[in-house]
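J.: Chains as they are written, first to last, in our numbering: chain A, 1 to 494; chain B, 1 to 494.
Just so you know, the hints here were simulated from the structure itself, not pulled from any lab data.
In this text, all values refer to a predicted model and were calculated from it rather than measured experimentally.
Backbone N, C-alpha and C define an ideal beta-carbon position, used for all residues, glycine too.
There could be a bad hint or two in this list.
[Said to hold, decoys possible] Okay, the calculated beta carbon distance ranges per label pair:
| hint | chain 1 | residue 1 | chain 2 | residue 2 | range |
| --- | --- | --- | --- | --- | --- |
| 1 | B | Asp26 | A | Pro221 | 28 to 38 Å |
| 2 | B | Ser333 | A | Phe6 | 35 to 45 Å |
| 3 | A | Ile46 | B | Pro489 | 20 to 30 Å |
| 4 | B | Leu455 | A | Val342 | 28 to 38 Å |
| 5 | A | Lys125 | B | Ile46 | 54 to 64 Å |
[Stated by the list, open to error] Output of the computed footprint for chain A on chain B, the stretches with three or more beta carbons under 8 Å from beta carbons of chain A:
| hint | segment |
| --- | --- |
| 6 | 35-49 |
| 7 | 57-70 |
The chain contents come next:
Protein chains: 2
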Amino acid sequence: MSNYEFIMKLALERGFYFPSCEIYADAPAGFWEYGPRGVSLKNKFIELWRRELVRRDGMIEIDGSQIMSKSVFVASGHISNFTDPITKCTKCGSTFRADKYINEKVGLNVPERLNDEELDQIIKKNQVKCQNCNGEFGKVNRFNMMFRVGIGPAQEEAYLRPETCQTIFVDFARIFKTMRGRLPMGVAQIGKSFRNEISPRQSLLRLREFYQAEIEVFCNPNKLNNISKFDEVRDVVLNIFNGSAYDQVTATDAIYKGLVPNKLVAYYLSLLMEFYSKTGIDMSRTRFRQLPSEDRAFYASVAFDFEVETSIGWLELVACNYRSNYDLKGHSSTSKQNLEVVDPADLTKILPHIFELSMGIDRSLYAILEHCYFEDFEHENRLVLKLKPYLAPVSVGVLPLVNRDGLSQKADEIYTELKQDFDAFLDVSGSIGRRYRRLEEIGTPFAITVDRTTLENDTVTVRDRDSMEQIRVEISSLHSYLHNAIRLPNNLRS
Amino acid sequence: MSNYEFIMKLALERGFYFPSCEIYADAPAGFWEYGPRGVSLKNKFIELWRRELVRRDGMIEIDGSQIMSKSVFVASGHISNFTDPITKCTKCGSTFRADKYINEKVGLNVPERLNDEELDQIIKKNQVKCQNCNGEFGKVNRFNMMFRVGIGPAQEEAYLRPETCQTIFVDFARIFKTMRGRLPMGVAQIGKSFRNEISPRQSLLRLREFYQAEIEVFCNPNKLNNISKFDEVRDVVLNIFNGSAYDQVTATDAIYKGLVPNKLVAYYLSLLMEFYSKTGIDMSRTRFRQLPSEDRAFYASVAFDFEVETSIGWLELVACNYRSNYDLKGHSSTSKQNLEVVDPADLTKILPHIFELSMGIDRSLYAILEHCYFEDFEHENRLVLKLKPYLAPVSVGVLPLVNRDGLSQKADEIYTELKQDFDAFLDVSGSIGRRYRRLEEIGTPFAITVDRTTLENDTVTVRDRDSMEQIRVEISSLHSYLHNAIRLPNNLRS
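Let the hints inform the model, and build the full structure from the sequences given.
T.: Below you can see the structure in the form of structure tokens.
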């Protein structure tokens with residue numbers, strides 16, 4: 001089995017994630033649920049994101065509707081541009097995404113931007129046939145990947161947002177005003193987005209309904225090097241990949257060498273590095289891939305993908321796009337609202353530009369699981385998820401050594417006390433070794449064992465997941481012991 | 001202005017919530033965004049819910065897809081039953097919800113369960129006309145309130161879930177197995193639900209897209225009084241309203257008097273009381289309304305609505321329904337899967353029954369805001385949101401007394417240190433009194449002022465929002481001072 005398959009097995013059997021509506025034959029592909037361990041990991045990941053990006057930078061966080069009006073997507077360009085080329089078999093009706101299908105069958109590396117006629121010609125020239133019935137394909141046409149919904153009895157046209165950032169653009173004017181905004185201003189949002197993928201695949205990696213954590217930094221394009229916060233990150237090392245070669249440089253040198261266009265972009269790429277370095281992802285297997293113009297999204301003038309190496313290849317976790325004023329210009333002209341703001345320093349009016357960090361949460365969680373997955377053959381083939389203690393779904397297991405002599409009652413008391421403030425789990429059934437294994441598999445950093453000594457002197461053993469060492473701790477100091485062992489240290493306090 | 005209007009003004013101007021897509025003329029009604037203060041309040045409310053209900057009871061939490069297959073809603077009954085009667089003007093095409101329209105125009109109290117012919121007769125008999133053009137109405141027919149979406153190029157029929165609980169029912173078998181479940185087992189979920197309301201209204205109170213926090217307790221119908229945890233809540237007072245009279249009774253007496261059918265139901269109603277009593281809602285203005293059979297949802301055999309009194313009447317925050325085995329029976333027969341589980345105590349096979357606590361998050365937040373809203377005319381007409389410290393969107397403001405003499409730099413240092421672990425807000429502009437007012441309006445429990453004494457001896461003043469008293473605290477102990485002042489006390493620790 002590949003590591004991808006190991007993680008999938010673990011996810012399915014231990015409550016991390018599993019397919020949606022799986023008891024039904026008509027369950028559509030590309031929809032997954034988070035089980036209890038996945039929910040907890042996801043919530044803790046989001047809290048870390050809030051701490052290390054939103055609070056650290058003093059960003060504003062909003063949470064908007066997923067259904068948005070048609071005008072939003074006229075302005076954003078999604079109605080006309082957010083399409084995939086599809087081709088349908090004239091014999092059996094099977095439909096495929098044309099460019100991907102050609103790549104797979106002919107082995108051609110078809111660029112993403114070919115038009116429908118060019119694709120038709122390739123299909124014809126290479127005699128590409130339907131894989132199901134060997135039938136001929138009809139003409140390539142366009143499939144819009146947004147989900148349409150009808151509002152009210154009149155079924156007014158609206159859409160599920162294909163990216164959370166549109167909410168931020170549309171809400172910009174009110175947020176800037178009511179929050180007394182000043183440029184640069186970061187606005188963040190966690191939420192679901194929806195894309196009607198033709199071929200969803202690989203569990204959390206290509207979903208039709210997925211979680212994004214997007215950050216849109218509204219900025220003055222004339223002051224992209226006027227970023228005093230840059231000094232905090234000047235020595236952060238960025239690993240920049242231009243498609244053939246790597247440059248490992250500090251944020252300062254990245255600007256100096258022209259690898260990153262300005263301080264604002266370098267600052268946010270550095271924050272992202274610092275954030276991910278706390279997630280348990282092996283940072284030596286990450287890179288910022290600089291996208292050549294033909295691979296960039298239609299609105300992006302500078303683009304880096306933050307990528308992580310996994311068992312199934314390099315995975316894009318964050319798209320970092322300099323979107324210029326594309327978004328506010330579009331919304332301003334479509335809505336007929338003036339979205340300019342005044343720079344208080346020189347009283348000039350500016351339509352802000354935007355730099356974004358568009359993070360895929362589901363993919364990030366997958367990458368964390370894979371990078372934290374270890375098989376320890378020296379110790380009974382134990383399988384250990386070495387999650388950071390502050391990200392582990394269960395922080396502490398409480399185990400009576402045996403299920404008699406009053407040990408269970410004592411364990412229950414300790415569990416009851418701890419569960420108010422910690423994700424605690426009481427496990428009474430099975431051998432103690434088996435119970436340790438179950439906790440290690442889901443990444444639980446600490447296991448408390450209640451033994452006969454506990455009844456004598458009110459101490460328990462606390463076992464460390466990685467070293468498997470045990471120390472005795474007084475019950476009365478368990479709470480503060482765990483609090484200190486699990487929390488993320490404050491970088492700025494001694 | 002009514003309190004509803006005061007809260008609305010505050011929400012719009014101070015970043016709690018505001019209409020979605022508001023820059024566009026085609027913004028559909030019934031969609032709202034949470035601004036930064038609303039997001040923070042909501043997240044803290046959800047954390048309290050997790051602590052006081054999910055963790056306290058040892059429940060399992062999942063997070064599922066919002067788009068679900070058609071079969072799910074065939075099984076649940078929503079395809080056939082989740083409809084509203086509508087009538088359309090034959091002249092101008094205006095469409096109304098028939099029963100509500102009749103109630104409004106004729107003043108009849110039309111029960112929810114009349115069929116279309118009965119509604120037609122009332123319209124005819126009372127000569128009800130269109131309010132827009134005085135035209136005649138066509139025949140009443142049914143409008144399904146689910147939003148339909150089409151999956152993939154073939155546009156396979158699927159729906160946005162109208163209640164989060166369907167995810168829990170459909171996932172039950174896997175959860176029970178992989179999490180080594182035992183009855184009773186509570187499964188919880190926070191997420192969005194969608195209802196295509198004909199007339200959404202009153203901001204957060206009737207939305208087309210809204211947040212639910214649902215808890216589904218799977219139980220053995222033969223053991224509803226076999227609930228050892230009941231002893232924890234036996235003395236919790238429940239205020240039960242039968243439609244005309246109130247009974248204020250302990251959970252124990254509620255069962256004894258037959259007001260609540262069994263210990264399981266009484267236990268969960270009591271947990272709910274204990275949870276809401278920590279939210280800042282005035283519990284003397286709450287009640288459990290027992291629903292008569294004609295007002296219950298189609299699947300409920302016993303039902304209580306947890307209601308809160310507000311300036312616009314009693315508001316339902318939580319529907320507490322004993323759903324019997326309606327849900328699992330429907331999903332079992334439609335999916336052809338056996339969803340029975342074995343009770344390990346007597347090895348009998350059981351199709352679990354379900355008792356649910358279906359909470360509206362948006363409405364709960366509204367009720368909290370209204371109950372915490374105070375005007376203090378004795379002190380410069382100050383407007384104070386007396387939110388519980390652990391729910392306040394901003395926990396602490398940091399204010400230099402004046403913006404010179406190095407006070408701003410010192411305030412900035414303190415802010416930078418605190419913001420890693422607290423929702424802190426730095427405010428340097430305006431008179432100190434005005435800055436206090438701004439913090440009080442959004443419910444900030446503490447304001448730190450940096451003054452000249454700070455530069456001399458490294459102390460600051462900490463001002464309490466409600467008493468307006470100030471004490472001096474050393475900067476080095478600010479972190480632990482705030483931590484203790486803001487956190488919810490652990491009920492079980494001394």
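J.: A separate judgement is required for each hint: does it hold in the structure or not?
T.: Results of checking the hints against the structure:
no. : hint                            : in the structure
1   : B:Asp26 x A:Pro221: 28 to 38 Å  : holds, 30 Å
2   : B:Ser333 x A:Phe6: 35 to 45 Å   : holds, 36 Å
3   : A:Ile46 x B:Pro489: 20 to 30 Å  : holds, 26 Å
4   : B:Leu455 x A:Val342: 28 to 38 Å : holds, 34 Å
5   : A:Lys125 x B:Ile46: 54 to 64 Å  : holds, 57 Å
6   : 35-49                           : holds (count 6)
7   : 57-70                           : holds (count 12)
Of the hints listed earlier, there is not a single one the structure fails to meet.
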